[in-house]
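Number of protein chains: 2
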Amino acid sequence: VTDARRFRAEAKMPLAGNTNHLGTMYAGSLFSLGEVCGGLIYLVSFDYDQLAPLVKEVRIRFVKPARTDVHVAVGLTPEQAADIEQRALDQGKADFEMTLDLTDDHGDTVAVVSGLWQVRRKEA
Amino acid sequence: VTDARRFRAEAKMPLAGNTNHLGTMYAGSLFSLGEVCGGLIYLVSFDYDQLAPLVKEVRIRFVKPARTDVHVAVGLTPEQAADIEQRALDQGKADFEMTLDLTDDHGDTVAVVSGLWQVRRKEA
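So the protein sequences, as listed, match chains Y and A. Start counting the first sequence at 1151; every next residue gets the next number (my numbering). Start counting the second sequence at 1151; every next residue gets the next number (my numbering).
For identical chains, the list gives no copy identity; a pair is met inside one copy or between any two copies.
For lysine-lysine, the following PhoX-like pairs were computed, each having C-alpha atoms within a straight-line distance of at most 25 Å:
1) 1206 <-> 1162
2) 1272 <-> 1214
3) 1206 <-> 1243
4) 1243 <-> 1214
5) 1272 <-> 1206
6) 1214 <-> 1162
7) 1272 <-> 1243
I should point out that these hints are in silico values taken from the structure, not numbers from a laboratory.
Excised from the complex, chain Y in its bound form:
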């Protein structure tokens, strides 16, 4: 995690230590980079005293081999975050989708992650 501020976060997966037998980044490491974004956006966007996060579904499409570190930025608008939080507080839970581009050091997309996450109201 390289940067996190209200409603927005960035993360990086180093190539070193995450390679497959071809010397490119392992599919599971790319998945983890995408999946962690649900937790990151939770941390920077929602009231974690009242809400807990959950991952429901993740889809990853591999576009090209990753031969450098891989980067991802994730963000919600304040309005999106407020809407999700309000739905969760009102209804007990709220789903939200995000689609994320995973890019290499040259800015090329190496994978696209679509995820369905949920925040749930914590029981008192």
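Given chain Y's structure and the hints, the job is docking chain A onto it.
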């Protein structure tokens, strides 16, 4: 990997060492268990002197928290394997889809993985 024979393989991900902060299995470990099935089915089904494997897309739907080791079995019929191999040899590459149930020690489904893999003809 617990078992692999022609056209069929089984694999297991131990809970120990793969837990998240809730003590259930980490999403990335479940993904890896599903993703590796593409490589397993390649090893047990195709002529690896002539064909190389590639993962194109993986979708994982989390059904319930995994509190035990997690198991997966993967298999193609000999006819399916022959069809994929023939398409790859004729056209240079062939996509194939598999949907896999990841189950716990009680036989309950903890996640469902759908993947799109490809085998490509190796250049001489």
